[in-house]
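Q: The whole structure should be built from the sequences, with the hints applied where relevant.
Chain residues, written in single-letter form:
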Amino acid sequence: MTTSDQHIDELMDQYPPKPEYLIGLLQDIQDQQGYISYGAMLLASEHTKVPLSQAYSVATFYQSFRLDPPGEHEIKVCLGTACHLNGGQQLVDGLSRKLQIEPGETTDDMMFTLSTVNCVGACAIAPVAVVDENYHAGATMQKLEREMRKVIDLSSDKIMGEPNA
Amino acid sequence: MHNQSSALQQGPCRLESLDDLNKFREQLERNIDPDHPEIVVCHGTGCLASGGEAVSNAIQATLDASGIKAKVIPGIKTTGCQGFCSRGPLVLIRPQGIFYQRVKPKDVGEIIEKTIVQGEIINRLLYKDPQTGEKIIHEEEIPFYKYQDRKVLHNIGKIDPTNLYDSIMAGGYQALAKALTTMTPEQVVQEVELSGLRGRGGAGFPAGRKWRSALLAIEKKGRPVYVVVNGDEGDPGAFMDRTIMEGDPHAVLEGLILGAYALGATEGFLYVRAEYPLAIKHLGIAMEQARAHGLLGKNILNSGFSFDVRINRGAGAFVCGESTALFTSIEGKPGNPKPKYVRSVEEGLWGRPTVLNNVETWANIPLIIDKGGDWYKKIGVSHSTGTKVFSLVGKVNNVGLVEVPMGLPLSDIVEKIGGGVPGGAPFKAVQTGGPSGGCIPYSLKDTAVDFDSLTEAGSMMGSGAMIVMDDTDCVVDLARYFLRFLEEESCGKCMPCRFGLSRMREILDGFSEGRGTQADIDDLISLSKAIQDGALCALGSSAPNPVLTTIRYFKEEYLAHLEDQNCPAGVCKALITFQIDPEACNGCTSCARKCPVGCISGGKKEPHTISADECIKCGICKESCKFDAVRII
Ligand SMILES: Cc1cc2nc3c(=O)[nH]c(=O)nc-3n(C[C@H](O)[C@H](O)[C@H](O)COP(=O)(O)O)c2cc1C
Ligand code: FES
Ligand code: FES
Numbered sequence: 001m002t003t004s005d006q007h008i009d010e011l012m013d014q015y016p017p018k019p020e021y022l023i024g025l026l027q028d029i030q031d032q033q034g035y036i037s038y039g040a041m042l043l044a045s046e047h048t049k050v051p052l053s054q055a056y057s058v059a060t061f062y063q064s065f066r067l068d069p070p071g072e073h074e075i076k077v078c079l080g081t082a083c084h085l086n087g088g089q090q091l092v093d094g095l096s097r098k099l100q101i102e103p104g105e106t107t108d109d110m111m112f113t114l115s116t117v118n119c120v121g122a123c124a125i126a127p128v129a130v131v132d133e134n135y136h137a138g139a140t141m142q143k144l145e146r147e148m149r150k151v152i153d154l155s156s157d158k159i160m161g162e163p164n165a
Numbered sequence: 166m167h168n169q170s171s172a173l174q175q176g177p178c179r180l181e182s183l184d185d186l187n188k189f190r191e192q193l194e195r196n197i198d199p200d201h202p203e204i205v206v207c208h209g210t211g212c213l214a215s216g217g218e219a220v221s222n223a224i225q226a227t228l229d230a231s232g233i234k235a236k237v238i239p240g241i242k243t244t245g246c247q248g249f250c251s252r253g254p255l256v257l258i259r260p261q262g263i264f265y266q267r268v269k270p271k272d273v274g275e276i277i278e279k280t281i282v283q284g285e286i287i288n289r290l291l292y293k294d295p296q297t298g299e300k301i302i303h304e305e306e307i308p309f310y311k312y313q314d315r316k317v318l319h320n321i322g323k324i325d326p327t328n329l330y331d332s333i334m335a336g337g338y339q340a341l342a343k344a345l346t347t348m349t350p351e352q353v354v355q356e357v358e359l360s361g362l363r364g365r366g367g368a369g370f371p372a373g374r375k376w377r378s379a380l381l382a383i384e385k386k387g388r389p390v391y392v393v394v395n396g397d398e399g400d401p402g403a404f405m406d407r408t409i410m411e412g413d414p415h416a417v418l419e420g421l422i423l424g425a426y427a428l429g430a431t432e433g434f435l436y437v438r439a440e441y442p443l444a445i446k447h448l449g450i451a452m453e454q455a456r457a458h459g460l461l462g463k464n465i466l467n468s469g470f471s472f473d474v475r476i477n478r479g480a481g482a483f484v485c486g487e488s489t490a491l492f493t494s495i496e497g498k499p500g501n502p503k504p505k506y507v508r509s510v511e512e513g514l515w516g517r518p519t520v521l522n523n524v525e526t527w528a529n530i531p532l533i534i535d536k537g538g539d540w541y542k543k544i545g546v547s548h549s550t551g552t553k554v555f556s557l558v559g560k561v562n563n564v565g566l567v568e569v570p571m572g573l574p575l576s577d578i579v580e581k582i583g584g585g586v587p588g589g590a591p592f593k594a595v596q597t598g599g600p601s602g603g604c605i606p607y608s609l610k611d612t613a614v615d616f617d618s619l620t621e622a623g624s625m626m627g628s629g630a631m632i633v634m635d636d637t638d639c640v641v642d643l644a645r646y647f648l649r650f651l652e653e654e655s656c657g658k659c660m661p662c663r664f665g666l667s668r669m670r671e672i673l674d675g676f677s678e679g680r681g682t683q684a685d686i687d688d689l690i691s692l693s694k695a696i697q698d699g700a701l702c703a704l705g706s707s708a709p710n711p712v713l714t715t716i717r718y719f720k721e722e723y724l725a726h727l728e729d730q731n732c733p734a735g736v737c738k739a740l741i742t743f744q745i746d747p748e749a750c751n752g753c754t755s756c757a758r759k760c761p762v763g764c765i766s767g768g769k770k771e772p773h774t775i776s777a778d779e780c781i782k783c784g785i786c787k788e789s790c791k792f793d794a795v796r797i798i
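Chains A and B are the protein sequences, given in the same order.
If you count by the working numbering, then the first sequence holds residues 1 to 165, one letter each, in order.
If you count by the working numbering, then the second sequence holds residues 166 to 798, one letter each, in order.
It is worth saying that the hints were derived from the structure and are not from the lab.
Among the clues, some could well be false.
[Said to hold, decoys possible] Some chain A residues judged to face chain B by a derived CB distance under 10 Å, without partners named:
(1) Q14
(2) G24
(3) S53
(4) S57
(5) F61
(6) Y62
(7) H84
(8) Q90
(9) N118
(10) C119
(11) G121
(12) A137
(13) M141
(14) R149
(15) I152
[Stated by the list, open to error] Cut-off 25 Å, straight-line C-alpha distance, at most; resulting in silico cross-link-like pairs (DSS-like, lysine-lysine):
(16) K738/B with K98/A
(17) K720/B with K143/A
(18) K76/A with K536/B
[To be verified] According to the in silico footprint, chain A covers these stretches of chain B (three or more CB under 8 Å from chain A):
(19) 273-280
(20) 367-380
(21) 490-504
(22) 611-620
Predicted, not measured: the structure shown is a model, and the values here were computed from it.
Glycine is no exception: its CB is placed at the ideal position from the N, C-alpha and C atoms.
A: In structure tokens:
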């Protein structure tokens, strides 16, 4: 058993083995591992007694589930109404051009995943972008590029800081 | 933090009766000095995004450091969203009620030294009325707050939402204790019926009538019955429910427990949008605290009534806000709606009788039980009683969350509370009701904001989003935006919604690219009718509303797109060009350096030009120009 399977086992212990807990379990798995691998899906479907095909039908119906590993950092741009009217789409286009990926994709170096969201409830400070867990009010391309450089620096510091990494 | 310490030291105690709750509250209040200075920092999602946590950390650090000359050390309190997020991070000094906005960590030392120690006001941090230019010191004098009537939001911004004692001191669980000790379940239902409360989630169905039908269904089918909170807040551009769940989670919980008591439910569910992590966290904390104090769980307040609740996180599907889809989602399946003839009060979760109400609806229940249905129905207008919370966003000076009595003229909300459009021009339209709603033009600015008047104007109340548009917003683009949103969110189960919305969006794409024809407008209208009649659930059947109201009130703007190949608002990319005004450009080169395709030329200190053939209209030049020299024509 791999360590990630062990972690999933621990998560499964918190949920009774019933179909109604599939979504909650998948959410916890994704929170912990960043995405839902085939192996994780197999374990979750067995645990909640939902056939694998139906578990996939659930995971693909809901937008928030990810079936591929995400990049190290996630940039989420809000495309809710308030953000749309304040230029949210321009941010997505700009980031897309900068990172050379479409929304939903991850850069080849696995550094950034670009995604969009329909309102994070901070409409009064639109347009909003969320980089990792940090919300950015009144986001502009310039601010986001600065933020991207910052997280890249942080990542390289981390790698350099770990001996023998 | 400061004021709760003595109460907290006693550890959790189970409250056993109304009397117990009252005594406990009095004891908490005795430990509080209302005149004790307190620094309140907003920790709602908006203020956290603009740096609220750094501000409260700086305050704590400054207070912890020795050498403060204040006679009394102020307490610090962090609260939920105070509604004025556009001015965040907000800091309030109590008891004076001094309101500081856009506070940075570097301002903190001065706030403590000047305002706390010497009682001086720091002018720079005050709110400046954009209409009069006047600086305002006190929260309650700011027009944004002055003209509101905060009932559901009453505690938000006053209490620490993670502290049950704060909530109890503000009257929390009083209504529950009253109902459990002095009212029968039937009386609770009657009070809600009497109040005239209509559901705040969109359709405006009378809550009392829904509860009554659930009781009838229970007579036929027996229990269990479930009570469910709809915290999905799917409308993309609204944050009323987030604010309530984050800022006063106990109110939602108390409302739900009251509903459970009225209907005899032992199990309930909170279905909360996954994009609201803070709301989920605060509700979770509130549930734990309520359980520990005998306000939730087994034998609540020793009344013999037991009820517990579970949180389900949504997983990013708009359609799951719809009742039948929400139930299938709680059951762990894809959220596909069921046909309209299935009545969810009779056949809801796991086929059982179920009452689903919106967050704000539930948060109104404690008020109604505490003060009475008679009191409640005097607020607002006869067929729309009570207050409604709106999220007022878009091109308006005071962006934020507002609560007003039903029936107020639209212009009061936008102009008095919202302070009008920046620059002083009249607004172009107000979009209400989100993707299922419509646009109300300036000519109807006196429309009363209640369920029926908004529907009459062709729009709807929806969940309470209000998006103010000005001349730089294009109605064709907005209609296309909502259609694309719904097209993506359609579950795909029924034909009219799956194909109809795509076709309508394609037609609107044509308009935004200057390819529309007169016949297209007729097609949009006939497709709308077909979808309204044929769609399985209200996602589809209400989807044409934004298109229909914009055609009704702004037909000339559609015609400009097709006849003149012109987008008057300067939004639709295919119909605009970016140009630099040589008079305004001083050749700073900033735009040329930032242009991602390098299509801007011009020497230093000389007017620049944009090559229209290469320009991708990304808008970065306009964003970066400090001299406002980039024009859209
Ligand atoms: C597509 C669609 C999405 C909906 N989304 C929400 C929502 O996010 N929140 C909500 O409270 N009601 C939503 N509703 C309305 C619910 O179906 C339901 O009427 C409401 O939750 C009942 O509560 P109320 O009577 O208190 O308003 C939605 C309806 C439809 C058709
Ligand atoms: S629209 Fe972007 S946060 Fe609500
Ligand atoms: S988050 Fe502070 S006012 Fe809304």
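Q: If a hint holds in the structure, say so; if it does not, say that too.
A: To see whether the hints hold, each was checked on the structure:
Checking Q14/A against chain B by beta carbon gives a least distance of about 12 Å; that is not within 10 Å, so the hint is violated. The closest approach between the C-beta of G24/A and any C-beta of chain B is roughly 7 Å, which is under the 10 Å cut-off, so the hint is satisfied. At about 12 Å, the closest approach between the beta carbon of S53/A and any beta carbon in chain B exceeds 10 Å, and the interface hint on this residue is violated. The beta carbon of S57/A is positioned within 10 Å of a beta carbon in chain B (closest approach about 6 Å), and the interface hint is therefore held.
A cut of 10 Å between beta carbons decides the hint on F61/A: the least distance to chain B is about 4 Å, and the hint holds. With a least beta-carbon distance of about 3 Å to chain B, the hint placing Y62/A at the interface is held under the 10 Å criterion. The beta carbon of H84/A is positioned within 10 Å of a beta carbon in chain B (closest approach about 5 Å), and the interface hint is therefore held. Taking 10 Å as the C-beta cut-off, the interface hint given for Q90/A holds, the closest approach to chain B being about 5 Å.
Annotation: N118/A was flagged as interfacial toward chain B, and the flag holds, the nearest CB pair being 4 Å apart, inside 10 Å. Interface restraint check for C119/A: the shortest CB-CB distance to chain B comes to about 4 Å, inside 10 Å, so the restraint holds. For G121/A, the interface hint holds, the least distance from its beta-carbon to any beta-carbon of chain B being 4 Å, beneath 10 Å. Satisfaction of the interface hint for A137/A is found here, the shortest Cβ-Cβ separation to chain B being roughly 5 Å, below the 10 Å cut-off.
The interface hint given for M141/A is met, as the beta carbon of that residue sits about 6 Å from the closest beta carbon of chain B, less than 10 Å. With 10 Å as the threshold, the beta carbon of R149/A stays out of range of chain B, its nearest partner Cβ sitting at about 15 Å, so the hint is violated. For I152/A, the interface hint is violated, the least distance from its beta-carbon to any beta-carbon of chain B being 19 Å, above 10 Å. Of the supplied pair hints, the one linking K738/B and K98/A holds, its CA atoms being roughly 20 Å apart against a limit of 25 Å.
Simply put, K720/B and K143/A have alpha-carbon atoms about 38 Å apart, too far for the 25 Å limit, and the pair is violated. Note on K76/A and K536/B: the hinted pairing is violated, with a Cα-Cα distance of about 44 Å set against a maximum of 25 Å. Coverage of the stretch 273-280 of chain B by chain A is violated in this model, with 0 residues showing a Cβ closer than 8 Å to a Cβ of that chain against a need of three. Counting residues of the stretch 367-380 of chain B whose C-beta lies closer than 8 Å to any C-beta of chain A gives 0; at least three are required, and the coverage claim is violated.
With 7 residues having a beta carbon nearer than 8 Å to a beta carbon of chain A, the stretch 490-504 of chain B meets the requirement of three or more and the stated coverage holds. With a threshold of 8 Å between beta carbons, the proposed coverage of the stretch 611-620 of chain B by chain A is violated, since 0 of its residues qualify and at least three are required.
Going through the hint list in order, the structure does not satisfy hints 1, 3, 14, 15, 17, 18, 19, 20, 22.
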